[in-house]
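Chemist: In order, the protein sequences belong to chains A and B.
Numbering of the first sequence is given in this note's numbering, commencing with residue 231 and proceeding in unit increments.
Numbering of the second sequence is given in this note's numbering, commencing with residue 753 and proceeding in unit increments.
Read the hints as simulated data drawn from the structure, not as lab findings.
Keep in mind that the hints are not guaranteed to be accurate.
Ranges between beta-carbon positions, derived for each pair [what the hints assert, rightly or not]:
hint, chain 1, residue 1, chain 2, residue 2, range
1, B, D840, A, K434, 37 to 47 Å
2, B, E1008, A, R267, 58 to 68 Å
3, A, L373, B, P845, 33 to 43 Å
Where is the CB? At the ideal position from N, CA and C, for every residue including glycine.
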Amino acid sequence: MFVAGIDIGSTITKIVISNGTEILASMATPTSAEHRRLAFRVMDDALASCFLSYNEIEYIVATGYGRINVPFADQQVTEITCHMRGINFLFPNVRTIIDIGGQDSKGIKVKDGKQVDFIMNDKCAAGTGRFFEQIADVLGVKLEDIGEMSLRSKNPASISSLCTVFAEQEALLRLSEGASIEDILAGIHKANASRIHSMIGKLKIEQDVAITGGGAKNLGLVRALEQRIGFPLVVPPEPLITGALGAALIARETATKLTPQQLKEKKAKRRLEAVTFFDDPKRGSEIVL
Amino acid sequence: MEKDNSVKTMKSAKTLKTAREAGYFGKKMLTDAIKAQEEGHPIGWSMVSWWQGDFIAKAMGMHLVYPENYGAFCAAVRQAEPYLEIADSEGFPNNLCGYARNCLGFAKSLRDNNYVIPEGAPGGGLARPVLLLASGTACDARYKWFQSLGRYLNDVPVWNLEMPQSGVKEYYLKDNKEKNLRFVVKELRNFVSFMENLLKRKLDHDKLKVMLDQALKTLNIAWQVDLLRRAVPSPMVSQDFWSVMIPHFYLPDDPEAYSFYERVYAEVKERVDNGIGAIPNEKYRMMFSELPPWHSIGFFDELSKRYGIAMVMESWNYHAPTPMPEEELDGVTDPLEIIARLTYHKWMEHNEVAREFDTSPGFFNAAYLKWAKEYRADGFFAHPLMSCRPATYTLMHTRNSLEEKLKVPGVVVPGDIIDLRVFNADEGFSKVEAFVETMDHYRDLRKQAGMAW
């Protein structure tokens, strides 16, 4: 049985195609404004890489903040649930999950494979991928390098502000005072780790603790968090695809509960034409606040 | 102020016919005051004081309007932002109470228009007062709010009424209650003297007694409606309550309010008798705290529609109290003492539960611990308010208490009573969608623990 999970995050879109026991294909590509076109493109590429067609995929679950814009998905599930499922599959002993995404960060508590509590950052970019993007931009370094660079610091700079705008100003001020970029980055990572830790702390942290999402690829942030929390974090081999993996696991679980006839009916409802976000007449019926 | 008809609203559809009629009372308070002013009667702006000062002022011929209610009204019609912007430009910080900022913005527009209510003020606006009746109950920001109104309402006196709020241990100390009640009665006597001097007329104690009798009847029937809401499926949800509460909260002494509650009771009872739920697909029952996002009550309609969530009970402080025990009023003939006992009872009635759970009434969580069982709650919806400390500081503690003591989990969706700019409905939907799974898990845990729901 082939299933797929697609995770449309604010920054990166990820997909996992599985045969139920192993991952056949996985991809991650930057998210653009046109989620719907992108969803088709990523799905087409992933299917091509494992020589499958849409019709051979028994069930597709979409997640991430753009999950409602996947016209061919059979079901939408929140990213909190999908990350929890993905991590629980990879590391059954994990009790606390830290997910650092492009525009938000979350803490999730797991027990016996169930999500027992969660917390999200509110209306603030601190502790998210967006914050690190902005800082990398201001300091003129590549986003993918900032973690390693921060680990070379010998004297982390003091960064007190976590508002993205003010932190940028503070970083520039430290530069003008002669601090090295490594020291500033170490200060930035330390401040963010402190912020994330205080958020996750509301859930009462229990070991093992895993980190997932794009932030888990930032070694500087992982080390700063480990220092703050006081023990090592579990990091998946490919943290970006954990949500898509969880979505694929849910897809498999759901598909096995459905009869062949029900699966056929589900598939028949998939919209396989590449609708654009801006001219879809169905948008008009969605909720207007 | 021009009405902006282009503003998109997120009003609730309300499930009860009577709830859809309740807006009449809010408008009535505003229009009656304007009419009364035209006829030469004195107007007072009153804070919510849990009936401590209202009846006395009204018995002396003063018409009251409530700036907190007006703030909610302006927000509900999405007309609060212009007043908030005026308050911002006057230098009031944007984390100050939303009700206060709305009121301060309105007061400035009133002063700038020579105290004639500006054209287009929502609901007709607040008539110019001769008294600002403040209350120290519940909220610290209120001490300075009415004082600050002095900038715009020259020569209008402020009178502040106090209510002791003792902890559980102190509450059960010998004579503590009686001493506190004596303090409140003394406060009220001073207030009466002040009012007699202000209005140059005497308090009619008989009239006050009649009003009190009526108020106790209204509060009693409002409480009986709450009892009906324990039924499964829930016959009335928060979307209804936030409208239905206006008559008992602001006008319990009004016979029209009592008649209204008779009809509410009949409508809710009929649903209970026939097993009809307020929402057609009740899957989860949640309690809500604290004040709601008045600008987006329709948010709860969406939670019902998407996830089958019925908000079965709300913040304790806006509900009618349980009836006072008969012995509480035995031999009490002084209406001021009856008022003191009513307000004190409202604030202290959950102390028994607080003692049972070894918590403090200052945490405001006892009522929810009691209701979680009675209303068979699956979850707790915490709505921290960006501009209200008293309505926020207890929420995380309440959430944790419910989870630890009763296996009822909570979700936190921040926002504001008035300020639409800090509420993100989509973020709220995302959280609740994930929270549904958490409620499922805790339902299993309660079952395993042999709990009743």
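Chemist: Against this structure, judge whether each hint is valid.
Modeler: Results for each hint:
1. B:D840 x A:K434: 37 to 47 Å: 39 Å, holds
2. B:E1008 x A:R267: 58 to 68 Å: For A:R267 against B:E1008, whose Cβ atoms are near 59 Å apart, the range 58 to 68 Å holds.
3. A:L373 x B:P845: 33 to 43 Å: This hint holds: roughly 36 Å between Cβ atoms.
Checked against the numbered hints given earlier, the structure satisfies every one of them.
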